[in-house]
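Number of protein chains: 2
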Amino acid sequence: MKELEDIIKSSSPIPLRKKTVLNIAYSNIWMKDVTGSILKNFDISSEQFNVLRILRGKKGIPANLQDIQNRMINKMSNTTRLVDKLILKGLVERFTCEKNRRKVEIFITQDGLKLLKQLDPIIEQAEADLTSNLTETELVQLNELLTKLRK
Amino acid sequence: MKELEDIIKSSSPIPLRKKTVLNIAYSNIWMKDVTGSILKNFDISSEQFNVLRILRGKKGIPANLQDIQNRMINKMSNTTRLVDKLILKGLVERFTCEKNRRKVEIFITQDGLKLLKQLDPIIEQAEADLTSNLTETELVQLNELLTKLRK
DNA sequence: CACTAACACTTGTATATACAAATAATGTAA
DNA sequence: TTACATTATTTGTATATACAAGTGTTAGTG
Chain V
1 MKELEDIIKS SSPIPLRKKT VLNIAYSNIW MKDVTGSILK NFDISSEQFN
51 VLRILRGKKG IPANLQDIQN RMINKMSNTT RLVDKLILKG LVERFTCEKN
101 RRKVEIFITQ DGLKLLKQLD PIIEQAEADL TSNLTETELV QLNELLTKLR
151 K
Chain D
1 MKELEDIIKS SSPIPLRKKT VLNIAYSNIW MKDVTGSILK NFDISSEQFN
51 VLRILRGKKG IPANLQDIQN RMINKMSNTT RLVDKLILKG LVERFTCEKN
101 RRKVEIFITQ DGLKLLKQLD PIIEQAEADL TSNLTETELV QLNELLTKLR
151 K
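So the protein lines, in turn, are chains V and D.
Note that full-length UniProt numbering numbers the first sequence so that position 59 is 59, with each residue one more than the last.
Note that full-length UniProt numbering numbers the second sequence so that position 129 is 129, with each residue one more than the last.
Be aware that one or more of the hints could be misleading.
Put simply, identical chains are the same to the list, so a pair is met inside one copy or across any two.
[Unchecked claim] Here are the simulated DSSO-like pairs of lysine-lysine, each with C-alpha atoms no more than 27 Å apart in a straight line:
#1 Lys32 to Lys148
#2 Lys103 to Lys148
#3 Lys103 to Lys2
#4 Lys9 to Lys58
None of these hints come from the bench; they were simulated from the model.
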C-alpha cells in the first residue's frame, strides 16, 4: 500500500487538500496506463475506444459530433480528428446529414462492432483487476465521495 | 450532486467497477481544468508548473532529468522538451554536468522562484475550493480508499 | 588499448488536447 | 431577398504524451 508521498518522493507530508488532488490524478494515470496498454494491442487509443462505445450505444441511430462530445468523459476539443482516424481504420463511417447539411451522421461499422465485441470481456476484466483491492462497499463509498466532491 | 450517469448521458446505470474507473477519470479532468485555466493566465501549463515546484524543492541542489521524472505524477516520457520550454521563458537553467557529461544539471532561476511565490496562494486557494464539498474526515477517507485501490 | 554494453539524454513520429480562427449551411429580420 | 447572426464542423497552431531510435559519454572486459 504505497502512500502518495513515496510515489512522488516527497520528503515532507503533503497537505490534505493538495494530497487529494494529486491522489486522484495519480490514480487516474495508473488506470489509464493499464487500459491503454491493453488497447494498444488492438491498435486503438482509449479515446478512440470511447468513441466506438458511444456509437454502439446509439444502436444504429446516427450520431453527430455534438452527441459524441456530450457523452465523452473529457469534453474533447477535437472529435473531428478522432473520428477521422477511426474512419481510416474502417471502424466508423461519416456522412453529411441531408436534413441539415451542417451536421454529420456518424455510424459504427460491422468491423467496429466486431472489435468491441472482442474487447468487451478484456476491458471488463481489466476494470475488475484495477478495482480488486476494494470491497463492493468501499467502491460504493469511493464513488459517493467523488460525486460529493464535485458538488 | 451530479451522478456520473447524468454527466456522460448514459441511459442505463453503469456497473460499479466501470463506474469507479470513469468517476476517477472525470474527477481528475474536472480538477485539471480548474487549475489549468488559472495557470494559463501566467503562461505556463500544469506540467511546467509541476517541474518548477520540483526544482524549488531541491533548494539549489542541481536536478538531472531522472530526478525530475521520478518526482512527477505522470512519468513523462519527455522532460527534455518540457525543460526546453521553461528555459525559453527564463524560468529554468540547464548545464551539462562536468562530473558526468551524459547528465544535465537543471536549476530554477530567480524569475522562476518569483513566479512560484506569486502562484502559491492562488493554487492553494483553488485546491481548497476544489475540495470544499468534503469534510476533513471525508477527505482522509477518500485518500485512504485511493491508496488502498492501488494496493 | 580497442571493443562493447550501459547510461543519460535528445530527437523523430504519432496521437491527444486546448483554444482560436475559418468555413459552410441555416435561420432570422428588415 | 439581402444582410447578418447563429450553428455545426473543420482547420491551424501549440502543448503534452507515448514509444522508438539516435547521439554522445562512461564503464567494463579482454
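Hints and how they fare:
Proximity of lysine 32 to lysine 148 under the C-alpha cut-off of 27 Å is found in both arrangements, the shortest distances being 23 Å within a copy and 17 Å between copies. Within a single copy, lysine 103 and lysine 148 get their C-alpha atoms no closer than 36 Å, and across copies no closer than 46 Å, so neither meets the 27 Å cut-off. Taking CA atoms no more than 27 Å apart as the test, lysine 103 paired with lysine 2 passes in neither setting, with 49 Å inside one copy and 29 Å between copies. Proximity of lysine 9 and lysine 58 under a CA criterion of 27 Å is satisfied inter-copy only: 12 Å between copies versus 45 Å inside one chain copy.
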